[in-house]
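Sequences listed follow chains A, B and C, in order. All residue numbers for the first sequence refer to numbering that gives the first Met the number 0, where the first residue is 0 and numbers rise by one. All residue numbers for the second sequence refer to numbering that gives the first Met the number 0, where the first residue is 0 and numbers rise by one. All residue numbers for the third sequence refer to numbering that gives the first Met the number 0, where the first residue is 0 and numbers rise by one.
I should point out that these hints are in silico values taken from the structure, not numbers from a laboratory. It is possible that some hints are incorrect.
[Unchecked claim] In silico lysine-lysine, BS3-like type, Cα no more than 30 Å apart, as pairs: (1) Lys225(A) / Lys279(C); (2) Lys57(C) / Lys124(A); (3) Lys169(C) / Lys70(C); (4) Lys23(B) / Lys150(C); (5) Lys132(C) / Lys234(C); (6) Lys225(A) / Lys57(C); (7) Lys225(C) / Lys178(C); (8) Lys272(C) / Lys70(C); (9) Lys183(C) / Lys132(C); (10) Lys225(A) / Lys55(C); (11) Lys225(C) / Lys183(C); (12) Lys178(C) / Lys132(C); (13) Lys234(C) / Lys178(C); (14) Lys225(C) / Lys150(C); (15) Lys104(C) / Lys169(C); (16) Lys166(C) / Lys183(C); (17) Lys23(B) / Lys272(C); (18) Lys104(C) / Lys166(C); (19) Lys234(C) / Lys272(C); (20) Lys124(A) / Lys234(C); (21) Lys57(C) / Lys132(C); (22) Lys169(C) / Lys124(A); (23) Lys178(C) / Lys104(C); (24) Lys225(A) / Lys183(C); (25) Lys124(A) / Lys23(B); (26) Lys23(B) / Lys166(C); (27) Lys225(A) / Lys272(C); (28) Lys104(C) / Lys225(A); (29) Lys166(C) / Lys150(C); (30) Lys225(A) / Lys23(B); (31) Lys234(C) / Lys104(C); (32) Lys225(C) / Lys57(C); (33) Lys279(C) / Lys124(A); (34) Lys104(C) / Lys124(A); (35) Lys225(C) / Lys132(C).
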Amino acid sequence: MKNEPHAMSRSSGRFFSTVLDVLIPPQAGSVRWGDRVFHFLARGTALFVIFLAILLAGDLLRGSWEAIRHFGPRFLIGTTWDPVTGEFGTLPPAVGTLIKSVLSLIIAVPISMGSAIFIAFYIPKSLRAFISYPIELLAGIPSIIFGLWGLFIMVPMIRVLQVWLKANFGWFPLFAGPAVYGVGVLAGGVILAIMITPIITAISRDILLSVPRTQIEAMLALGATKWEAIWKVALPYARTGLIGAVILGLGRSIGETMAVTMVGGNNFDLPTSLFDPVHSMASLIANEFAEATYNLYVSSLIYVGLVLFCITFLISLLAQLLIWRLSKGRIAILE
Amino acid sequence: MIETAVNNAETGLSTADRHFVYRKVIERVAWTGMVVCVLITVSLLWVILGYVIYRGGAAFSWEFLTTLPQPAGEAGGGIANALIGSGFIVGLATLMAVPISLGAAIFVNEFPSGRLGASVRFLAEVLTGVPSIVVGLFGYALVVQPTGQFSGLSGAVAYAFIMVPIILISTQEALRLVPTDLREASLALGVPKWRTILWVVLPVSSRALLTGVLLAVARALGEAAPMLFTAFGNPFWNLDVRKPMATVPHLIYTYATGPYEDWHNKAWAASFVLVTVVLVTSLLARAALRNKSDD
Amino acid sequence: MTEEKQAIDSRHEDVVPTSGRAMSSPIYEKEPKKAVVKESEETLLVVEGLNVFYGKIKVIHNISVSIQARKVTAIIGPSGCGKSTFIRCLNRMHEVTPGGRVEGKVLLDGEELYGPTVDPVQVRRRIGMVFQKPNPFPTMSVYDNVAAGFKLNGTRDRRVIEEKVEKSLKMAALWEEVKDALHKPGTSLSGGQQQRLCIARALAVEPEVLLMDEPCSALDPIATAKIEELIRELKETVTIVIVTHNMQQAARVSDYTAFFYLGELVEFNVTSKIFTTPEKRQTEDYITGRFG
Numbered sequence: 000m001k002n003e004p005h006a007m008s009r010s011s012g013r014f015f016s017t018v019l020d021v022l023i024p025p026q027a028g029s030v031r032w033g034d035r036v037f038h039f040l041a042r043g044t045a046l047f048v049i050f051l052a053i054l055l056a057g058d059l060l061r062g063s064w065e066a067i068r069h070f071g072p073r074f075l076i077g078t079t080w081d082p083v084t085g086e087f088g089t090l091p092p093a094v095g096t097l098i099k100s101v102l103s104l105i106i107a108v109p110i111s112m113g114s115a116i117f118i119a120f121y122i123p124k125s126l127r128a129f130i131s132y133p134i135e136l137l138a139g140i141p142s143i144i145f146g147l148w149g150l151f152i153m154v155p156m157i158r159v160l161q162v163w164l165k166a167n168f169g170w171f172p173l174f175a176g177p178a179v180y181g182v183g184v185l186a187g188g189v190i191l192a193i194m195i196t197p198i199i200t201a202i203s204r205d206i207l208l209s210v211p212r213t214q215i216e217a218m219l220a221l222g223a224t225k226w227e228a229i230w231k232v233a234l235p236y237a238r239t240g241l242i243g244a245v246i247l248g249l250g251r252s253i254g255e256t257m258a259v260t261m262v263g264g265n266n267f268d269l270p271t272s273l274f275d276p277v278h279s280m281a282s283l284i285a286n287e288f289a290e291a292t293y294n295l296y297v298s299s300l301i302y303v304g305l306v307l308f309c310i311t312f313l314i315s316l317l318a319q320l321l322i323w324r325l326s327k328g329r330i331a332i333l334e
Numbered sequence: 000m001i002e003t004a005v006n007n008a009e010t011g012l013s014t015a016d017r018h019f020v021y022r023k024v025i026e027r028v029a030w031t032g033m034v035v036c037v038l039i040t041v042s043l044l045w046v047i048l049g050y051v052i053y054r055g056g057a058a059f060s061w062e063f064l065t066t067l068p069q070p071a072g073e074a075g076g077g078i079a080n081a082l083i084g085s086g087f088i089v090g091l092a093t094l095m096a097v098p099i100s101l102g103a104a105i106f107v108n109e110f111p112s113g114r115l116g117a118s119v120r121f122l123a124e125v126l127t128g129v130p131s132i133v134v135g136l137f138g139y140a141l142v143v144q145p146t147g148q149f150s151g152l153s154g155a156v157a158y159a160f161i162m163v164p165i166i167l168i169s170t171q172e173a174l175r176l177v178p179t180d181l182r183e184a185s186l187a188l189g190v191p192k193w194r195t196i197l198w199v200v201l202p203v204s205s206r207a208l209l210t211g212v213l214l215a216v217a218r219a220l221g222e223a224a225p226m227l228f229t230a231f232g233n234p235f236w237n238l239d240v241r242k243p244m245a246t247v248p249h250l251i252y253t254y255a256t257g258p259y260e261d262w263h264n265k266a267w268a269a270s271f272v273l274v275t276v277v278l279v280t281s282l283l284a285r286a287a288l289r290n291k292s293d294d
Numbered sequence: 000m001t002e003e004k005q006a007i008d009s010r011h012e013d014v015v016p017t018s019g020r021a022m023s024s025p026i027y028e029k030e031p032k033k034a035v036v037k038e039s040e041e042t043l044l045v046v047e048g049l050n051v052f053y054g055k056i057k058v059i060h061n062i063s064v065s066i067q068a069r070k071v072t073a074i075i076g077p078s079g080c081g082k083s084t085f086i087r088c089l090n091r092m093h094e095v096t097p098g099g100r101v102e103g104k105v106l107l108d109g110e111e112l113y114g115p116t117v118d119p120v121q122v123r124r125r126i127g128m129v130f131q132k133p134n135p136f137p138t139m140s141v142y143d144n145v146a147a148g149f150k151l152n153g154t155r156d157r158r159v160i161e162e163k164v165e166k167s168l169k170m171a172a173l174w175e176e177v178k179d180a181l182h183k184p185g186t187s188l189s190g191g192q193q194q195r196l197c198i199a200r201a202l203a204v205e206p207e208v209l210l211m212d213e214p215c216s217a218l219d220p221i222a223t224a225k226i227e228e229l230i231r232e233l234k235e236t237v238t239i240v241i242v243t244h245n246m247q248q249a250a251r252v253s254d255y256t257a258f259f260y261l262g263e264l265v266e267f268n269v270t271s272k273i274f275t276t277p278e279k280r281q282t283e284d285y286i287t288g289r290f291g
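Sequences and hints are given; from them, build the entire structure.
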């Protein structure tokens, strides 16, 4: 080591530029430090976004670790939720989530698809934005408002419906539950359906609009009615993207919290009919988290959150892959 | 168009014509079904908004906006603390979210970022689907647990997590629309890349950027679930982010699920305020975009 | 002549009745098309005073022309002169375009295609179309593509459909190339093959007229030659109207040629006359390459 006056600063300078070289490979024409620093910062924020996602997953794992250690996978099929004895299982809320979401899809998908097809093909371009406007506004209404409306306006109506159904069709197993609550699987399914309809409609409409005109014209030129051209050519062509839109809606309905908490019922029995009140995973966490007093309790709730996160993450992933595959990347989902 | 059966030797002519009528009927039935669907979808908004305006408007008053809540069940009082709290927490969240999303969007769009860029963009799309209750858990684990108490800061962190993907996606889309010629012209004049991005590309797309931020803000303003165990709510004035703070959506939830009739009315009125603010913000956001591109 | 008769006979032999047989009046009595050989030329498609609009903009000005049966009529002219718009009016496809509007008369075999009670669906059954860029349905196999239009009239019989598919592919000179790969997706074929597939698809519904909108412009020369040869064969059974920007192609393939310019019919005559002794100055200028 030469005993030069500025040996330290020179080697540290060299070290710094080596680090910089590794972190930001110098591009042609941007050897300036300004550009490299900027690139570094931009890249840093992008990495930070990835870091945030990992942080979320990590925190969920960390928080639920105690419950995972204690219960293991049997948590997923356990049917007891008893804070007193410390016995927790998430099957009823999981089933509740699933049933309400499936029901919401059954209701929402035909209505959304019908609307999307009509808007994409049967409405002149000038009117399209006008008709789509209320639908897009609906997508922007906060879920708590749906919950409020659902609780005070919709649930009484559902109650009337349930009583009527039970009186006339009570033999049907799905109508066998207690009709008088109003809150329950049916109410949850309906409010979720209302909430996911705008999303599925808007995305499906965009996807259908991207079907090349020449395909549809080819079918028309063979002597097909407009409906036949849509049914036999446009829909199959858009099939992948449409499925993606539905799955996106499914993901939304699974993760939805406030509205479902308020109208879905808060009960731990496995639901056997449409009228049974039952928790969803999200509503369970929402209801009990602030009251959870001891570690295993909190950890179990976070475990539920982890399960919920994994399910919605996978569904979102699937939906994005399907939608991207059709349009090659660019339907900006401004939620 | 309906033909009577023509008498001729070729078999099946009338079958074909019946079939044609059948096809037209199918189209008509489908059309009717679709019209019903559209009517349902379009009217949903008015049904919900209608009730909010009706019930909320009834309980609304100037006092409602400007006073603190009364002790439980007592008439009078308002949601002023929640209004301030929401604004504060969302504002803080915006301050946190914008630099991150902006930087990441710039990275994805302005630099040859290859797989990393595509992954970040894809990840953002996927992250928009994270349930808001899980985001609340994020805020809890990150801030509430280490600090040992509920706080406005944890709420802001949760909101920021929701806002980042939204702003990232819309910003990147906005940047993508800026013509390459603009960048090349600037670079050809010798302006360094970073200046080009900051002083040329960003200003040009500023309206669209604003739209994205406003939409994210509108979204965050309405989220109640993350607040349940982060900001936690507070019946008093509080501007200290290290302590619990009230937010409007959380308040609506508390009031709506509470036992008092008065609270229910207040929930409606608060919803009225919330819906107005959120919808106005959304409309502003879209209006900003529309003014820019006149088509 | 005998070949012609045979061709026409075979065409009507196993005809599955199309519902477009008579299209307009509620009570309509007409003799079924008999396999009669007409020695002289007959006019099949008559256009009278056609004015065509996109919204308020008029793009076709007062065109009147007669298309002869079982002949190839070519429409030439510089880009933007309204050729494609014109033929899209013949099978009522123009009104599918937003803002598309048609005034005037088009008569097929004496029947007004734009009559108030006429359904465009039935018009398109009798007048088929092949587009500029081959557009086979990507979600369907070769077999399903050809059968797509044909099945619209409700036929379910597998054998009838199979026969029809084979026959149409043979007419389009594609059968040999795809007969062992009928289940493959329609888009797995080459460009030229795809276009012939589209032709087969259009022929399967047995149209009386086949409209071709620059069918070879997206194809290489070899595929183009194949299709031109196909056109020469097809005209024995189907009337063909072809739009082309390639004058040599028009000269090679057509019996009659119409020259359009800026939405007007400048000249219409037997092809040989148009290309050797055109009557109008504009036609001559275009033919000799002075513009367009």
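Results for each hint:
{"no.": "1", "hint": "Lys225(A) / Lys279(C)", "verdict": "violated (43 Å)"}
{"no.": "2", "hint": "Lys57(C) / Lys124(A)", "verdict": "holds (21 Å)"}
{"no.": "3", "hint": "Lys169(C) / Lys70(C)", "verdict": "holds (20 Å)"}
{"no.": "4", "hint": "Lys23(B) / Lys150(C)", "verdict": "holds (15 Å)"}
{"no.": "5", "hint": "Lys132(C) / Lys234(C)", "verdict": "holds (22 Å)"}
{"no.": "6", "hint": "Lys225(A) / Lys57(C)", "verdict": "holds (26 Å)"}
{"no.": "7", "hint": "Lys225(C) / Lys178(C)", "verdict": "holds (18 Å)"}
{"no.": "8", "hint": "Lys272(C) / Lys70(C)", "verdict": "holds (16 Å)"}
{"no.": "9", "hint": "Lys183(C) / Lys132(C)", "verdict": "holds (20 Å)"}
{"no.": "10", "hint": "Lys225(A) / Lys55(C)", "verdict": "holds (25 Å)"}
{"no.": "11", "hint": "Lys225(C) / Lys183(C)", "verdict": "holds (22 Å)"}
{"no.": "12", "hint": "Lys178(C) / Lys132(C)", "verdict": "holds (23 Å)"}
{"no.": "13", "hint": "Lys234(C) / Lys178(C)", "verdict": "holds (24 Å)"}
{"no.": "14", "hint": "Lys225(C) / Lys150(C)", "verdict": "holds (28 Å)"}
{"no.": "15", "hint": "Lys104(C) / Lys169(C)", "verdict": "violated (35 Å)"}
{"no.": "16", "hint": "Lys166(C) / Lys183(C)", "verdict": "holds (18 Å)"}
{"no.": "17", "hint": "Lys23(B) / Lys272(C)", "verdict": "violated (47 Å)"}
{"no.": "18", "hint": "Lys104(C) / Lys166(C)", "verdict": "violated (34 Å)"}
{"no.": "19", "hint": "Lys234(C) / Lys272(C)", "verdict": "holds (20 Å)"}
{"no.": "20", "hint": "Lys124(A) / Lys234(C)", "verdict": "violated (40 Å)"}
{"no.": "21", "hint": "Lys57(C) / Lys132(C)", "verdict": "holds (26 Å)"}
{"no.": "22", "hint": "Lys169(C) / Lys124(A)", "verdict": "violated (41 Å)"}
{"no.": "23", "hint": "Lys178(C) / Lys104(C)", "verdict": "violated (42 Å)"}
{"no.": "24", "hint": "Lys225(A) / Lys183(C)", "verdict": "holds (27 Å)"}
{"no.": "25", "hint": "Lys124(A) / Lys23(B)", "verdict": "holds (24 Å)"}
{"no.": "26", "hint": "Lys23(B) / Lys166(C)", "verdict": "holds (29 Å)"}
{"no.": "27", "hint": "Lys225(A) / Lys272(C)", "verdict": "violated (42 Å)"}
{"no.": "28", "hint": "Lys104(C) / Lys225(A)", "verdict": "holds (24 Å)"}
{"no.": "29", "hint": "Lys166(C) / Lys150(C)", "verdict": "holds (15 Å)"}
{"no.": "30", "hint": "Lys225(A) / Lys23(B)", "verdict": "holds (10 Å)"}
{"no.": "31", "hint": "Lys234(C) / Lys104(C)", "verdict": "holds (25 Å)"}
{"no.": "32", "hint": "Lys225(C) / Lys57(C)", "verdict": "violated (37 Å)"}
{"no.": "33", "hint": "Lys279(C) / Lys124(A)", "verdict": "violated (42 Å)"}
{"no.": "34", "hint": "Lys104(C) / Lys124(A)", "verdict": "holds (28 Å)"}
{"no.": "35", "hint": "Lys225(C) / Lys132(C)", "verdict": "holds (16 Å)"}
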